[in-house]
Amino acid sequence: MSTIFIHRFDVVQPSSLEEALKILAEEGESVTPMAGGTDVMILIRDGVIKVKKILDLWPLRSQLSYIKREDGYVKIGALTTVTELEKSWLVNDKRYAGFRDVIIGFATPYLRSLATVGGNIGTGHPLSDIGVLLLTLDAEVVLLSADGERIVPLKEFYLGKRKINRKPNELITEVRFKEAPGNSSTAFIKFDRRRGHSMGYVLVAAYLALKGNVIEDVKIAFDSIGRPYPERAVKTESFLKGKEFSLENIRKAYNEVLPTEMSRISDYRASAEYRLDLSKVLMKRALLRAKERIESR
Amino acid sequence: MAFDPSKSWDTYPDIEITLNVNGKNYKVKVKPYERLIDVLRYKLGFTGVKEGCGRGECGACVVLMDGELVPSCLVLAVRANGKKIITVEGLAPEGKLHAVQKAFLDTFAVQCGFCFPGFAIAIKHLLDKNPNPSEEEIKEALSGNLCRCGSYYRLIKAAKLASEYVRQGKIYFDVKR
Amino acid sequence: MAQAQVPEYVRVVEELFSKYKEFIYVGKYIQRWDAVSKITGKALFTADFLKFYKDPVYVYTVRPKYAHAYIKSIDTTEAERYPGVIKVLTAKDIPGVNDVGYVIPDQPLLADKKVRYIADPIALIVAEDKYVAAEAAELVHVEYEPLPVITDPLEVVDLKTLKEKEHVRIHEERESDIISHFKIRKGDVEKAIKEADVVVENEYRTGMQEHAYLEPEAAIAIPEADGGVTIIASTQCPFDVRKAVARVLGVTQNKVRVIVPAIGGGFGGKEDVVNEIGAKAALAAYYTGRPAVVIHTREESMIGHSKRHPMVAWYRHAAKKDGTLLAVEANIVLDTGAYASLGPFVAWRAIVHSTGPYKVPNARVDTLAVYTNNVYAGAFRGFGNPQVTFAFELQMDALAEELGMDPVDLRLKNILREGDRTVHGQLLTKEHGVGLEETLKRAIEVIDWYRKRKEYSEFAEGTLRKGIGLALLWHGNSIGVEGADYSSATIIINRDGTVTFRTGLTDFGQGAVWGLVLIAAEILGVPPQLFRIEPPDTSSTPDAGPTVASRSTVMGGAATMNAAYKLRKRINELAANMLGCSPDEIVIRAPEKEDVKPSDVEVFCKSDPSKKVKWTDVVEQSFWDGVPLQEFGFFRAPKAEWDEETGQGAPYVTYTFGTMVAEVTVDIETGAVKVDRMVTAYDIGKVINRVGAELHAEGGAIQGLGYALMEEIVHDKNGVVRTYNLSNYYTPLIDDIPDEIIPIWVESGFKRGPFGAKGLGEPSIVAIAPAIVNAINHATKHRFTQIPLTPERIYLGLKRAGKIKL
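Chains as they are written, first to last, in this note's numbering: chain A, 1 to 297; chain B, 298 to 474; chain C, 475 to 1280.
Among the hints, a few may not be true.
[Said to hold, decoys possible] Here are the computed distance ranges between Cβ atoms for each label pair:
1. A:G182 with B:E434: 27 to 35 Å
2. C:T551 with B:K326: 28 to 36 Å
3. A:K22 with C:A699: 56 to 64 Å
4. A:K161 with B:E313: 48 to 56 Å
5. A:K163 with C:S931: 46 to 54 Å
6. C:H615 with B:K393: 52 to 60 Å
7. C:R648 with A:K163: 29 to 37 Å
8. B:K340 with A:S238: 54 to 62 Å
9. A:K22 with B:S431: 45 to 53 Å
10. C:D880 with A:I49: 54 to 62 Å
11. B:D425 with A:K22: 23 to 31 Å
12. C:L636 with B:K340: 53 to 61 Å
No wet-lab data here; the hints were simulated from the structure.
Backbone N, C-alpha and C fix where the C-beta goes; we use that ideal spot for every residue, glycine too.
Bound conformation, chain A alone:
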């Protein structure tokens, strides 16, 4: 970074989803789809991308902004903003209380009115608060193109650093996940140097289902396990599954199992050692928080 790279570009504003898909089919990679813009506008400034033409998805919000229950799924339109999530029933359902955690810590209030669910996972960035949480709910991504619909499990959606499983002619239209059972809940924790407006040294989400005090099901996702995108700690999960929910077991899981599958990076923000240890602590806290939520009536 030695300067900034603002440049001019064209914009096309489609009047319908169909028109947007047509533009993508015809122009492919020469257009850059933009949802809220909180990421794309910064990538341009930082010189990470150069764009010729922006495909402004904002006009499609009337079609792609929703949170609904349907066929045993919770379905969230890709252009649903974080502010809309905040106002929805989702955050009041204790199973999905993890969304409350995500929203409270999500960037800043004014960015929440622009940032969208589809955009957040579409960045393909490890520090994707929503993506990390959705992984623990086994979410799927719905992609639409002129050729039809394609459904990709979120865990197969991330391919590399800022690389996602989206073809140039496709748009992310929805994310969805199966309704979670009543004996379950979720929690999300992000930790950084300050409380407000932070990216997070470590992001962790936990999904927990308890039967009595036994861990019936557990899913734990981090901003990164080793690769530069959000992933689940599956070995740690399977170690915990079926065991009694106890601090001792959790400690065992993060001291003995998590390090075997997690490899953290050192950069200017934090060292690998700190990130790993923080992952352990926050994993514990997320599980405890999820348990507390299950038990709260």
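With chain A held as given, fit chains B and C onto it using these hints.
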């Protein structure tokens, strides 16, 4: 961009958009790459909207767009077409102060003043949704606005005071000086 | 100083100090003049003026790929042919001198031979549009010969021996990459250490802090008919900008006019860099004949303007069993980055304060400032003092621990009181106002120190620990031997009875100029609401010196007093003639109301208040009687003394003192710190602008909290700034502030300050970080010695010490 000396530099189309800013309609020609902040500041003269970072990281440029709190530095101007925008200049009629602004005076909050338009809009947005916010809710609502002079305590107090004014139905105040 | 040598302008200040005991405006809560314009969004900051200028040109700065490299060639042809580009300027286009160095001429405006840091300007694109300018910047082709990059000052100099190491030179044109070396030599340190009961030695590091003022740098230059230029600029120091721009353009200073509108924060950062910004705009205006705009983006601001000097210091303290300090030894290295900027002055202020506000009989201190390839460091609130205060106040706590003494008791044993001599041999008398002990005693009483210190030592709730810590400070007022220490102000009473106030001192949010108006109002009897502060403008406000070094109230206030004093004297004589009583009896008073008018102000005789006239009548009469109601006030501080070899003398006219106390809660499992409460007790001589003082106590503490825990500009090994925005450079936000900050004001009275006042601008940050870190060290029973003390540093420190197990 390939060089063509025969071309003028101004090669991007003008797009006419309509904005309602602080209750008044404007027709204005914008470029596809232009940001709402530039149109508000330099084409329409609403320089109360401040640019502190251009990256949605400081809150100085926030405005209300159809009632939503948005950073005008990250919103393309074309995206604001047909929208109602409220800037700090539109909080109160000319010659009056809005309850939020009055509260800033009452708490002696002002220092350099560059962050205030953003804080004023953020507090107004909070009070529109929640006329009786708790201290925690105030802090949460202002958690993205940077005040480097450090008037935070006064801003929290001001938000509380403004909420009292609003609940008492006192929205506008005369300017004494 | 013999009484006979005291100049008239000093005598006036002394006279008014002893005369005024009660105040109407000074020290009261009074709304600042620009509050309404700022909260309504009407106040105009530099970039806002752009809406008034049609057809400006935009200037964009081409910056290097490398932080250290020779420039082999610069090819601008492609950029010049890019549609919309009017001109590309390089060093060869500079008509005057290619230099904007602040203290020494080491900083080219446009680099042509070498780049020394990652944002070193190489060329300026002048274009019809800001996007065009940025696009064209990529078409300037520069051929480099890269050089090794130095980001660690200890690669330049050895901390132990203080000798310059073998390294690739950054400034070959100079004798050395050590730009300054200051010394204190007092007594016999070796002997004292031998005789001491306890010796503690530690190494300390402080980070590179960024001002992050909310308004990035900006300047608009308008070409003038006589070949000169008018510049609207966001600067603390309009006269310095004028001087720099005149040199670059090769014109006389009276052809450059600098106007300062509202400024969105400065904190010391809008000194040096505005020479560059102003010159860039001026050059473009000069070549195009059109208004030229330079507005730095946040990213450019982060990488392209001065920072707080990082420090590495080795300290050794020696004391007797009873806590009496015997000696202080220190080697202090400051990293001034690629250019000196104010580095030499920062290093000097650092050494003056380096042993703390204590009686130190023996001392040996060396302070060096060295070049690296980091972003250059300059002035930042505190100016070298926060760095050394961090070190010596942690040393004091370490010493207390070794001695088994309470930190407060150790300090009480050693602090400077009236009648003591500073480490420089300066005798502190009643005239200076020495209220340090009172700040300490009142602060610990308010916070209930001894109880909490004991209680928190045993506190452990899950992973949470509590601690309480304190730190003391002293801060020399104004600029001491750094330069000519003068200031000035002009008061003009208009025919309608209103007052015009002019000074070349600037307001960048701190409101110090408002303090000057309160002083003038107090003396004239005319309420502050009737004053209008005109923006600093080099064509109408005489040079008032720079707005730096906590000097506005002290120096500008003293100058204001002189102007107001002379005016009041003439008004009293005139009114006495009109009313028929003696001039000493004249009272000027306004009713207490917000929307007071000139005609509300009354002038009457003290002995017979029925003898009265309206203020407006007196003003009108003055024009008929030929009594001028315009006055200029000047003040020059008594000369400071400093012996280069020994550091002995009287470096500052007086000192501000203070005691900071912090309470913290630490989560040892993550390293997270919450500062729960702070007490800030300052002896500022006399509170002039009460609102401003309180805001400084709060704002300085919050910025100091950032310095202590969060803020750090990070360069990678290639000298590239990684923290170039407000997401990864962490300033405190509303969630990070302590639950409360309790201000305490001690008014010891400085005989040569306006009504006894001393400065507060900088002191308000000086001892915040050591108070917080001492509290963290108390909470964690660990000795952390580096800031920012981030969660990671705390966690890993405790882990390495075996104090944490997950």
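Here's how the hints hold up against the structure:
The beta-carbon spacing between G182 of chain A and E434 of chain B, approximately 30 Å, falls within the hinted interval of 27 to 35 Å. Separated by about 33 Å at the C-beta atoms, T551 of chain C and K326 of chain B satisfy the suggested range of 28 to 36 Å. The beta-carbon spacing between K22 of chain A and A699 of chain C, approximately 59 Å, falls within the hinted interval of 56 to 64 Å. As the Cβ distance of K161 of chain A to E313 of chain B is approximately 40 Å, the hint placing it in 48 to 56 Å is violated.
Distance hint check: the CB atoms of K163 of chain A and S931 of chain C are about 53 Å apart, consistent with the given range 46 to 54 Å. As the Cβ distance of H615 of chain C to K393 of chain B is approximately 56 Å, the hint placing it in 52 to 60 Å holds. Between R648 of chain C and K163 of chain A the beta carbon distance is about 49 Å. The supplied range of 29 to 37 Å is therefore violated. A C-beta distance of roughly 60 Å is found between K340 of chain B and S238 of chain A, which places it inside the suggested range of 54 to 62 Å.
Take K22 of chain A and S431 of chain B: their Cβ atoms lie about 49 Å apart, and the range 45 to 53 Å holds. Between D880 of chain C and I49 of chain A the C-beta distance comes to about 59 Å, which sits within the given range of 54 to 62 Å. A hinted range of 23 to 31 Å is violated for the C-beta pair D425 of chain B and K22 of chain A, which are about 39 Å apart. One distance hint, 53 to 61 Å for the beta-carbon pair L636 of chain C and K340 of chain B, holds here, with the actual separation near 58 Å.
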